[in-house]
Amino acid sequence: MDKQINKTKIAVNQLSFFYGEKQALHEISIDIPEREVFALIGPSGCGKSTFLRTLNRLNDLIHKTKVIGTIEIDGQDIYNSDIDVVQLRTAVGMVFQKPNPFPSSIFDNVAYGPRAHGIKDKKELNKIVEKSLRQAALWDEVKDRLNEPGTSLSGGQQQRLCIARVMAVEPGIILMDEPTSALDPLATTKIEDLINELRKNYTIVIVTHNMEQAARVSDKTAFFLDGEVVEVGPTDELFTNPEKQETEDYITGKFG
Amino acid sequence: MSKVKRNQWIAFGLLSLATAFTIVILLAILFYVMSQGLEMISWEFLTENPRNMGAEGGIYPAILGTIYLVGMTLLIATPIGVGTAIYLNEYTREGPFKRTIRFTTEALAGIPSIVFGLFGFVFFVILLEPYTGGWSILSGSLTGVIMILPVIIRASEEALRNVPNALREGSLALGTTRWYTIKKTVLPVAFPGILSSIILSIGRVVGETAAFLLTLGGSLLLPRTIFDGSRTLSLHLYMVAMETGNMDMALGTGAVLIILVLIINFTAGFLFKRLVKRFS
Chain A
1 MDKQINKTKI AVNQLSFFYG EKQALHEISI DIPEREVFAL IGPSGCGKST FLRTLNRLND
61 LIHKTKVIGT IEIDGQDIYN SDIDVVQLRT AVGMVFQKPN PFPSSIFDNV AYGPRAHGIK
121 DKKELNKIVE KSLRQAALWD EVKDRLNEPG TSLSGGQQQR LCIARVMAVE PGIILMDEPT
181 SALDPLATTK IEDLINELRK NYTIVIVTHN MEQAARVSDK TAFFLDGEVV EVGPTDELFT
241 NPEKQETEDY ITGKFG
Chain B
1 MSKVKRNQWI AFGLLSLATA FTIVILLAIL FYVMSQGLEM ISWEFLTENP RNMGAEGGIY
61 PAILGTIYLV GMTLLIATPI GVGTAIYLNE YTREGPFKRT IRFTTEALAG IPSIVFGLFG
121 FVFFVILLEP YTGGWSILSG SLTGVIMILP VIIRASEEAL RNVPNALREG SLALGTTRWY
181 TIKKTVLPVA FPGILSSIIL SIGRVVGETA AFLLTLGGSL LLPRTIFDGS RTLSLHLYMV
241 AMETGNMDMA LGTGAVLIIL VLIINFTAGF LFKRLVKRFS
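Line by line, the protein sequences are chains A and B.
Letter 183 of the first sequence, counting from 1, is numbered 183 in our numbering, and no numbers are missing.
Letter 108 of the second sequence, counting from 1, is numbered 108 in our numbering, and no numbers are missing.
Check each hint, because a few of them may be wrong.
With a cut-off of at most 30 Å between alpha-carbon atoms, the simulated DSSO-like pairs for lysine-lysine come out as follows [to be verified]:
{"no.": "1", "chain 1": "A", "residue 1": "122", "chain 2": "B", "residue 2": "183"}
{"no.": "2", "chain 1": "A", "residue 1": "143", "chain 2": "B", "residue 2": "184"}
{"no.": "3", "chain 1": "A", "residue 1": "200", "chain 2": "A", "residue 2": "190"}
{"no.": "4", "chain 1": "A", "residue 1": "98", "chain 2": "A", "residue 2": "22"}
{"no.": "5", "chain 1": "A", "residue 1": "98", "chain 2": "B", "residue 2": "184"}
{"no.": "6", "chain 1": "A", "residue 1": "131", "chain 2": "B", "residue 2": "183"}
{"no.": "7", "chain 1": "A", "residue 1": "122", "chain 2": "A", "residue 2": "143"}
{"no.": "8", "chain 1": "B", "residue 1": "184", "chain 2": "A", "residue 2": "131"}
{"no.": "9", "chain 1": "B", "residue 1": "183", "chain 2": "A", "residue 2": "98"}
{"no.": "10", "chain 1": "A", "residue 1": "7", "chain 2": "A", "residue 2": "131"}
{"no.": "11", "chain 1": "A", "residue 1": "122", "chain 2": "B", "residue 2": "184"}
{"no.": "12", "chain 1": "A", "residue 1": "190", "chain 2": "A", "residue 2": "7"}
{"no.": "13", "chain 1": "B", "residue 1": "98", "chain 2": "A", "residue 2": "22"}
{"no.": "14", "chain 1": "B", "residue 1": "98", "chain 2": "B", "residue 2": "184"}
{"no.": "15", "chain 1": "A", "residue 1": "64", "chain 2": "B", "residue 2": "98"}
{"no.": "16", "chain 1": "B", "residue 1": "184", "chain 2": "A", "residue 2": "64"}
{"no.": "17", "chain 1": "A", "residue 1": "123", "chain 2": "B", "residue 2": "184"}
{"no.": "18", "chain 1": "B", "residue 1": "273", "chain 2": "B", "residue 2": "183"}
{"no.": "19", "chain 1": "B", "residue 1": "183", "chain 2": "A", "residue 2": "64"}
{"no.": "20", "chain 1": "A", "residue 1": "131", "chain 2": "A", "residue 2": "200"}
{"no.": "21", "chain 1": "B", "residue 1": "184", "chain 2": "A", "residue 2": "120"}
{"no.": "22", "chain 1": "A", "residue 1": "98", "chain 2": "B", "residue 2": "3"}
{"no.": "23", "chain 1": "B", "residue 1": "98", "chain 2": "A", "residue 2": "127"}
{"no.": "24", "chain 1": "B", "residue 1": "98", "chain 2": "A", "residue 2": "143"}
{"no.": "25", "chain 1": "B", "residue 1": "184", "chain 2": "A", "residue 2": "127"}
{"no.": "26", "chain 1": "A", "residue 1": "244", "chain 2": "A", "residue 2": "254"}
{"no.": "27", "chain 1": "A", "residue 1": "66", "chain 2": "B", "residue 2": "98"}
{"no.": "28", "chain 1": "A", "residue 1": "143", "chain 2": "A", "residue 2": "200"}
{"no.": "29", "chain 1": "A", "residue 1": "98", "chain 2": "A", "residue 2": "254"}
{"no.": "30", "chain 1": "A", "residue 1": "98", "chain 2": "A", "residue 2": "190"}
Covered by chain A, according to a simulated footprint, are these stretches of chain B (three or more residues, beta-carbon under 8 Å) [as the list claims (entries may be wrong)]:
{"no.": "31", "region": "47-60"}
{"no.": "32", "region": "159-167"}
{"no.": "33", "region": "251-257"}
If you're looking for bench data, these hints aren't it; they were derived computationally from the structure.
This one's a predicted model, so the numbers in the text were calculated from it and none came from an experiment.
For every residue, glycine included, the Cβ atom is placed at its ideal position computed from N, Cα and C.
Let the hints inform the model, and build the full structure from the sequences given.
Have a look at this one:
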C-alpha cells in the first residue's frame with residue numbers, strides 16, 4: 001500500500017451527540033482522508049454506529065436528538081441549516097447491517113436512486129444499472145435475471161445488490177454499518193474484496209465488530225469506547241502497537 | 001383417572017362444546033336464510049323494480065343503491081383515511097398531537113351507528129339539503145364516510161407500521177425525499193393491508209342499516225344521480241320485513257346480501273394473497 005497522504009474528506013470536530021438527555025458521543029474529533037478505508041471498532045453500544053449515522057444525518061429521523069460540534073465534508077458543514085439533506089445523502093451512500101433490498105426487481109433496486117433523481121431514459125438507466133452491478137461484482141451472477149425480485153438473491157448477493165444500489169447514485173463516500181455481520185464467511189470475503197476494489201474511487205467508512213476484518217480492509221482505524229474515541233491511527237500501527245491500554249485490552253480480546 | 005387428567009378432559013369438553021355451539025348457530029342461520037331465500041332468487045327478482053312497497057316484484061333498485069352507496073363512500077373515505085394514516089405514521093412523531101388524533105378516531109369507532117345516522121340526518125339531510133338533495137345517496141355516503149374512516153385509518157396505520165424501517169432508511173439513504181420513499185417503497189409494501197382495511201369497510205357499509213335509514217330515505221325508485229334518495233339491500237330487507245310483512249321477499253333479499261358479502265370476502269382474500277406474494 002502506498003503511503004501518500006490523501007487530503008481530508010471528512011473532518012469531524014468536537015462532535016457530541018445526544019438521544020434526548022443521554023449523551024451517546026463525547027467530543028469526537030477525527031479526520032477521514034479521501035479514498036481510504038476508515039474502520040470504526042469498539043464494543044457494542046460504544047457509539048460507532050451512532051457516529052456513522054451522523055455522517056449522512058440519518059439520525060435526524062430519530063426524535064429528540066441533538067448534535068453539537070461540526071462535521072465538514074469537502075469543507076462544508078453538513079449540519080449547517082442551508083444544507084439539503086437529500087443532496088447530502090446522495091453524496092454519502094450507506095450500506096446497512098442487514099441487507100435491505102426493496103421488494104422489487106433487481107433492476108428496479110439499482111435504478112431506484114437514479115429514478116428518484118429524475119433519470120427516466122431507459123437506455124441511460126440500463127447503462128447505470130449494468131455499470132453499478134459490475135462495480136458491485138454482481139453483474140455476472142444476475143445479468144440474465146434482472147427482472148427477478150431482489151429478495152430472491154442469497155444474503156451475500158443481496159448485500160452486493162445494496163452496494164450496487166448505492167453506486168448507482170455515484171456518492172463520493174460510502175458508509176458501511178457492519179456490512180458482513182449477517183453473512184457467511186464466503187460472502188464476507190467477496191464483500192471485503194469488493195471494498196478493496198472500491199477504495200480506489202471511494203472514501204469508505206466501515207463499522208465492524210470483526211477485528212480481523214478491520215485489519216484486512218482498512219487503512220486507518222478508530223477505537224471507540226463509551227462514546228469516546230480512545231485512539232485513532234493507521235490500522236497496522238493501532239493493531240500491532242497500540243498507544244492506550246484500553247485499545248490493547250480490546251484488540252487482544254480482554255473485553256468486548 | 002387422575003384429577004389433573006380429569007380436569008383436562010372437562011376443559012377440553014367445554015371448549016369443544018363452545019366451538020360446536022358457535023358453528024351450529026352460524027350454520028343454522030346461513031342454512032335457514034339460504035334455503036328460504038334462494039328459491040326467491042330469479043332473474044326477475046334481481047332485475048325488476050319492486051311493486052307494492054316491496055311485497056312483490058324485484059330488488060333491482062336496492063342492488064343498485066347498495067353499489068352506488070358503497071362506491072361513493074369508498075371514493076371519499078379512501079383518500080382521506082389512507083392520507084390521514086400516512087400523515088400520522090410517516091410525518092408525525094409520537095406526542096400529544098398524535099395521541100389526541102388517535103383518541104378521536106378510537107372514540108369515533110366506538111360510537112353506535114344510529115348516532116352517526118342522527119348526525120347525518122341533522123347535518124347532511126336537513127342543514128345541507130340544497131347541496132345534498134336531502135335524503136340521498138350523497139347524504140348516505142357522507143354519513144358512511146364518517147362511520148368507516150376510523151376503520152380505514154386504524155387498519156392502514158397498522159399496515160404502515162408493519163413496513164420495516166430498514167426499507168425507509170434504505171430509501172432515504174439513497175438521497176430520496178420522504179414522499180418518494182412513501183410512494184415507491186412504503187405504500188407498495190403496505191398496500192395489501194390497506195386494501196383489506198378498505199374491504200373490511202365495504203362489509204361495514206353493506207351491513208349497515210341504522211345510519212342509512214336516517215340518511216338515504218328509503219326510496220324505491222331507481223336512483224339516477226347521487227342526489228336521489230335510495231335504499232341498500234340491508235335497508236330494503238328491514239323495510240320489507242317491517243312494513244309489508246312479506247318474509248319471503250325479506251329472506252330473498254337476505255340471501256342476496258349474504259352472497260354479496262361472501263363474494264366480497266373471497267375476492268378480498270384472493271387479492272390479498274396475490275398481492276402479498278407479489279410484494280414479498
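Hint check results:
1. A hinted pair counts as satisfied when its Cα atoms are at most 30 Å apart, and residue 122/A with residue 183/B qualifies at roughly 21 Å.
2. Taken as a hint, the residue 143/A and residue 184/B pair is honoured in the structure, with Cα atoms around 24 Å apart against an allowance of 30 Å.
3. Between residue 200/A and residue 190/A the alpha-carbon distance is near 17 Å, which keeps this suggested pair within the 30 Å criterion.
4. As the CA atoms of residue 98/A and residue 22/A are separated by approximately 26 Å, the hinted pair is consistent with the 30 Å bound.
5. With a C-alpha separation of about 20 Å, the suggested pair residue 98/A and residue 184/B falls inside the 30 Å cut-off, and the hint holds.
6. Taking the CA atoms of residue 131/A and residue 183/B, the gap is near 26 Å; set against the 30 Å cutoff, the hint holds.
7. The straight-line distance between the Cα atoms of residue 122/A and residue 143/A is roughly 16 Å, inside the 30 Å bound, and the hint therefore holds.
8. Restraint check for residue 184/B and residue 131/A: satisfied, since their Cα atoms lie roughly 23 Å apart, inside the 30 Å limit.
9. For the hint linking residue 183/B to residue 98/A, the alpha-carbon distance of about 23 Å falls within 30 Å, and the restraint holds.
10. At roughly 27 Å between alpha-carbon atoms, residue 7/A and residue 131/A fall within 30 Å of each other, so this suggested pair holds.
11. Restraint check for residue 122/A and residue 184/B: the C-alpha separation of about 18 Å stays at or below 30 Å, so the hint holds.
12. This hinted pair checks out: residue 190/A and residue 7/A have alpha carbons roughly 28 Å apart, not beyond 30 Å.
13. Between the alpha carbons of residue 98/B and residue 22/A the distance comes to roughly 24 Å, so the proposed pair stays at or under 30 Å and holds.
14. With a C-alpha separation of about 25 Å, the suggested pairing of residue 98/B with residue 184/B holds against the 30 Å cut-off.
15. Using a Cα cut-off of 30 Å, the hinted pair residue 64/A and residue 98/B holds, with the two alpha carbons roughly 16 Å apart.
16. Straight-line distance between C-alpha atoms of residue 184/B and residue 64/A comes to about 27 Å, which keeps the hinted pair within the 30 Å bound.
17. Proximity of residue 123/A to residue 184/B is assessed by CA-CA distance (about 21 Å); at most 30 Å being required, the pair is judged to hold.
18. At most 30 Å may separate the alpha-carbon atoms for a hinted pair to count; residue 273/B and residue 183/B meet this at roughly 22 Å.
19. Restraint check: the Cα-Cα separation between residue 183/B and residue 64/A comes to about 26 Å, which is no more than 30 Å; the hinted pair holds.
20. Annotation: proposed proximity of residue 131/A to residue 200/A holds, straight-line Cα distance about 16 Å (limit 30 Å).
21. Among the hinted pairs, residue 184/B with residue 120/A is consistent with the structure: their alpha-carbon atoms are about 15 Å apart, no more than 30 Å.
22. Distance hint between residue 98/A and residue 3/B is unfulfilled; the C-alpha atoms sit about 52 Å from each other, more than 30 Å.
23. As the CA atoms of residue 98/B and residue 127/A are separated by approximately 45 Å, the hinted pair breaks the 30 Å bound.
24. Distance hint between residue 98/B and residue 143/A is unfulfilled; the C-alpha atoms sit about 47 Å from each other, more than 30 Å.
25. The straight-line distance between the Cα atoms of residue 184/B and residue 127/A is roughly 22 Å, inside the 30 Å bound, and the hint therefore holds.
26. Using a Cα cut-off of 30 Å, the hinted pair residue 244/A and residue 254/A holds, with the two alpha carbons roughly 14 Å apart.
27. Note on residue 66/A and residue 98/B: the hinted pairing holds, with a Cα-Cα distance of about 22 Å set against a maximum of 30 Å.
28. A hinted pair counts as satisfied when its Cα atoms are at most 30 Å apart, and residue 143/A with residue 200/A qualifies at roughly 25 Å.
29. Straight-line distance between C-alpha atoms of residue 98/A and residue 254/A comes to about 28 Å, which keeps the hinted pair within the 30 Å bound.
30. Taking the CA atoms of residue 98/A and residue 190/A, the gap is about 16 Å. The hint holds against a cut of 30 Å.
31. Restraint check on the region 47-60 of chain B versus chain A: 0 residues with Cβ-Cβ distances below 8 Å, three needed, restraint violated.
32. Given as covered by chain A, the region 159-167 of chain B passes the check, having 3 residues with a CB less than 8 Å from a CB of that chain where 3 are the minimum.
33. Counting residues of the region 251-257 of chain B whose C-beta lies closer than 8 Å to any C-beta of chain A gives 0; at least three are required, and the coverage claim is violated.
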